[in-house]
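**Q** Sequence:
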Amino acid sequence: MRPIAILSLSLSLLLTPTLTQAATATPFTPDDIAWLRRDSFGLNTAAVAQYRSLGRKQLLTKQLYDQLGDTLPAPIAAQIDRYEAFHTPLDQLLTSLQQEQQQLRTMPDGPEKQAATKAIQAHGNQVGLEAQQAALLHAIYGPNQLKEQLVWFWLNHFSVYAGKGRVRWELADYEQNAIRAHALGKFRDLVMATLQSPAMLEFLDNAQNAKGHANENYARELMELHTLGVNAGYTQQDVQQLALILTGVGIVPVDGKPQNFNPKMAPLVVRDGMFEFNPQRHDFSDKLLLGKTIKGSGYDEVKQAVDVIVRQPACAQFVSRKLAQYFVTDNPPPALVNKMAHTFQRTDGDIAQVVRVMFESRDLLGGTGKKFKDPSQFIISSVRLAYEDAPIVNAQPLVNWLNQLDQPLFGRITPDGWPLDGDAWSSSGQMAKRFDIAHAIGTGNNQLFTPLGSTSRAAGFPMLTTRLYYDAIDPYLSQATRDALAKATSQQEWNTFLLSSPDLNYR
Numbered sequence: 001m002r003p004i005a006i007l008s009l010s011l012s013l014l015l016t017p018t019l020t021q022a023a024t025a026t027p028f029t030p031d032d033i034a035w036l037r038r039d040s041f042g043l044n045t046a047a048v049a050q051y052r053s054l055g056r057k058q059l060l061t062k063q064l065y066d067q068l069g070d071t072l073p074a075p076i077a078a079q080i081d082r083y084e085a086f087h088t089p090l091d092q093l094l095t096s097l098q099q100e101q102q103q104l105r106t107m108p109d110g111p112e113k114q115a116a117t118k119a120i121q122a123h124g125n126q127v128g129l130e131a132q133q134a135a136l137l138h139a140i141y142g143p144n145q146l147k148e149q150l151v152w153f154w155l156n157h158f159s160v161y162a163g164k165g166r167v168r169w170e171l172a173d174y175e176q177n178a179i180r181a182h183a184l185g186k187f188r189d190l191v192m193a194t195l196q197s198p199a200m201l202e203f204l205d206n207a208q209n210a211k212g213h214a215n216e217n218y219a220r221e222l223m224e225l226h227t228l229g230v231n232a233g234y235t236q237q238d239v240q241q242l243a244l245i246l247t248g249v250g251i252v253p254v255d256g257k258p259q260n261f262n263p264k265m266a267p268l269v270v271r272d273g274m275f276e277f278n279p280q281r282h283d284f285s286d287k288l289l290l291g292k293t294i295k296g297s298g299y300d301e302v303k304q305a306v307d308v309i310v311r312q313p314a315c316a317q318f319v320s321r322k323l324a325q326y327f328v329t330d331n332p333p334p335a336l337v338n339k340m341a342h343t344f345q346r347t348d349g350d351i352a353q354v355v356r357v358m359f360e361s362r363d364l365l366g367g368t369g370k371k372f373k374d375p376s377q378f379i380i381s382s383v384r385l386a387y388e389d390a391p392i393v394n395a396q397p398l399v400n401w402l403n404q405l406d407q408p409l410f411g412r413i414t415p416d417g418w419p420l421d422g423d424a425w426s427s428s429g430q431m432a433k434r435f436d437i438a439h440a441i442g443t444g445n446n447q448l449f450t451p452l453g454s455t456s457r458a459a460g461f462p463m464l465t466t467r468l469y470y471d472a473i474d475p476y477l478s479q480a481t482r483d484a485l486a487k488a489t490s491q492q493e494w495n496t497f498l499l500s501s502p503d504l505n506y507r
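Straight run, no breaks: the sequence shown in our numbering ends on number 507.
Because the hints were derived from the structure by calculation, they are not lab data. All values derive from a computational prediction rather than experimental measurement. We treat Cβ as the ideally placed atom computed from N, Cα and C, and that holds for glycine. Among the hints, erroneous ones may be present.
Pair ranges (Cβ atoms, derived) [unchecked claim]:
#1 Ser454 x Asp255: 36 to 44 Å
#2 Thr235 x Gln280: 24 to 32 Å
#3 Phe435 x Glu100: 40 to 48 Å
#4 Asp205 x Pro89: 20 to 28 Å
#5 Gln237 x Gln121: 17 to 25 Å
#6 Gln92 x Thr489: 52 to 60 Å
Cross-link-like lysine to any residue pairs, in silico, SDA-like; alpha carbons within 20 Å at most [unchecked claim]:
#7 Lys257 x Gln280
#8 Lys339 x Glu360
#9 Lys118 x Pro108
#10 Lys303 x Phe275
#11 Lys370 x Arg321
#12 Lys322 x Leu365
#13 Lys257 x Ser96
#14 Lys322 x Asp421
#15 Lys186 x Gln304
#16 Lys322 x Gly417
#17 Lys322 x Met431
#18 Lys186 x Gln312
#19 Lys164 x Gly417
#20 Lys322 x Gln280
#21 Lys303 x Asn177
#22 Lys164 x Val230
#23 Lys186 x Gly229
#24 Lys164 x Val254
All chains should be modelled from the sequences, with the hints used to inform the complete structure.
**A** As C-alpha cells, this is what we get:
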C-alpha cells in the first residue's frame, strides 16, 4: 500500500473490514501462512500472489533452482546501480584508495593532512554504507525471498567486519561475488568463494600469511566457525597444518610496484579478480590435515584441504544445524538435522537440496514452536508489509534501525556472526527499541521516501488494513493482539500496535 493515506476516511472505516476486503478466493490454511512466514522475510501481497499462482511445491522448486531471478523494481535497481560500490570494480576502488593513502603520507602534519584523512575515512564509510543499503534493499524487494534469506544467513555465517582495514571498500564485492553468487550452490564452492574474497582475507589476516610467518587466524576460523564447529575432532596441529596450506593465499597488490616471479614459480601463480596465490610466499612442505596427507604442490593444496574439510560428517552436521536454527527453531530436532546432514553428504554439499529437506519438513511449520525474529528480520518484514508498493529512495533509516537494535550489518567485530537464538534479541530494552521503530514505520515518520539531501519529509502513513491483512494476518492473530488493536485511537497507533505485537515479532 502506498504511504499516502486518504485522511478523509473515518477511523471506523479504516479499522473495520468490508465484505469486499474480507472476501478471498481460496482461504489460507494455518500451514500456508506458517510456511510463507519461513519462506520469506515477511508477508506482502506479492509473496502471497506468488504462492497462490505457483503453489508451495513449484514455488519452492523455482526458488531453489534460482528461476525467479534477482530482478528488483526499476527504481530500486537504478538506485543501487548509482552506488559507487556497485558500478566501480573493486580493483579500481582499492587502487584509488592506495593512491590517496600514498599522497597522504607525503603531506606534512597540519590541518590539510587532517582534512585529507577525514575525507578518506568518509569515502570508505560511504562505500561501506552503500553495501549495507543494497543488501537491505535486496532483502525487501528481491523476488526470490528464500534466496534473499540465504544470502543474509551466509553473510552472517561467513561474517566479516567492516571496520577493519579496507574491508568496508570490499563489502559490495563480497556480497555480490562471494555470497550471493553461491548462496544456492555447492557448499564447497561457497567456502572457496569466501576463501578467495579480499574481505575475508583481510578480516582474518590471511593476506599476511606467508612461509616463515604463518598466521593461524583464518585457518582456525575456517574450521571452527565456517565448516566443522567446535569439538569436531580437529586439533591445534590441524589448525597449524591448514595455516601452512594457506600460506601465499592473499590479495593482488595495488601499490603500482611490479611483481617479479622467478621462472620456477611464475607458472604456479593463481589470480582471480583481486585474489592472488603467490607461490613465493607459500610453504611447499607436505602437510597432514585431519588424517589426510597433502603433498606440497601450491594452490592445489588449498583445494584439496577444502575438499577434505567439507566432506567431514561434522561439517554436514554443523551447517545443517545452523540452517535449521535460522529457519526453524533455536533448538532444532536432531532427526531433522540428521536428515539434512545425510542429504548434505549424499549430494556433496548441495545447499538447495539440504534446504529442500528442511522446507518440506513438518518441523518448519511450527511444530517445534515459533521462531523469534532477529532485528534484521523484524525490520525487513515490517517494511515489506507496510510499504510494499512504495520504492524506498533513502535506505539510511534502515541502516540506522539495525544499529539501534544492536545488529549492524557487517558490524560484528568477532568472526562468529550474530546469534541465531531468540533469547539474544528479546530483552526488555530490545523490545522497547522495536516499539519505537514500529512507531516510526507505522506513522510514516521515517524519511524512507525523502530523497537524499531533502529537508522535507514525505507525507502520510501506511494503510495496513488491506486485503492482505484480512486474508493472511487477521485470522491468525492472538487474542492479546486483538485486544491491543481494539484500543487504538488512530490508524497510526493501530499500525504501531500491529507491527510491534508478539504475533509479528515471531515468524
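**Q** Does each hint hold? Answer for all of them.
**A** Status of each hint after checking the structure:
Judged by the Cβ atoms, the range 36 to 44 Å given for Ser454 and Asp255 holds: they are separated by roughly 41 Å. In this structure, Thr235 and Gln280 meet the distance hint of 24 to 32 Å, their C-beta atoms being roughly 29 Å apart. Taking 40 to 48 Å as the suggested C-beta distance range, the pair Phe435 and Glu100 conforms, at roughly 43 Å. For Asp205 paired with Pro89, a C-beta distance near 24 Å keeps the hint of 20 to 28 Å intact.
Between Gln237 and Gln121, the C-beta spacing of about 41 Å breaks the proposed range 17 to 25 Å. For Gln92 and Thr489, the Cβ-Cβ distance of about 55 Å falls inside the hinted range of 52 to 60 Å, so the restraint holds. Under the criterion of a C-alpha separation no larger than 20 Å, the hint pairing Lys257 with Gln280 is consistent with the structure, at around 16 Å. Using a Cα cut-off of 20 Å, the hinted pair Lys339 and Glu360 holds, with the two alpha carbons roughly 11 Å apart.
Distance restraint check for Lys118 and Pro108: the Cα-Cα separation of roughly 15 Å lies within the 20 Å cut-off, and the hinted pair is therefore satisfied. A distance of roughly 14 Å separates the Cα atoms of Lys303 and Phe275; the hinted pair therefore holds under the 20 Å criterion. For the hint linking Lys370 to Arg321, the alpha-carbon distance of about 17 Å falls within 20 Å, and the restraint holds. Proximity of Lys322 to Leu365 is assessed by CA-CA distance (about 17 Å); at most 20 Å being required, the pair is judged to hold.
Annotation: proposed proximity of Lys257 to Ser96 holds, straight-line Cα distance about 15 Å (limit 20 Å). Proposed proximity of Lys322 and Asp421 is supported: the alpha carbons are some 10 Å apart, at most 20 Å. In summary, the hint linking Lys186 to Gln304 is supported, as the alpha carbons are separated by about 16 Å, within the 20 Å threshold. A hinted pair counts as satisfied when its Cα atoms are at most 20 Å apart, and Lys322 with Gly417 qualifies at roughly 12 Å.
At roughly 25 Å between alpha-carbon atoms, Lys322 and Met431 are farther apart than 20 Å, so this suggested pair is violated. For the suggested pair Lys186 and Gln312, the alpha carbons sit about 15 Å apart, so the restraint of at most 20 Å is met. Taking the CA atoms of Lys164 and Gly417, the gap is near 15 Å; set against the 20 Å cutoff, the hint holds. Our distance criterion of 20 Å between C-alpha atoms is broken by Lys322 and Gln280, whose separation comes to about 38 Å.
This hinted pair checks out: Lys303 and Asn177 have alpha carbons roughly 19 Å apart, not beyond 20 Å. Taking the CA atoms of Lys164 and Val230, the gap is near 25 Å; set against the 20 Å cutoff, the hint is violated. A hinted pair counts as satisfied when its Cα atoms are at most 20 Å apart, and Lys186 with Gly229 qualifies at roughly 19 Å. At most 20 Å may separate the alpha-carbon atoms for a hinted pair to count; Lys164 and Val254 meet this at roughly 18 Å.
Violated hints, in rising order: 5, 17, 20 and 22; the structure is consistent with all others.
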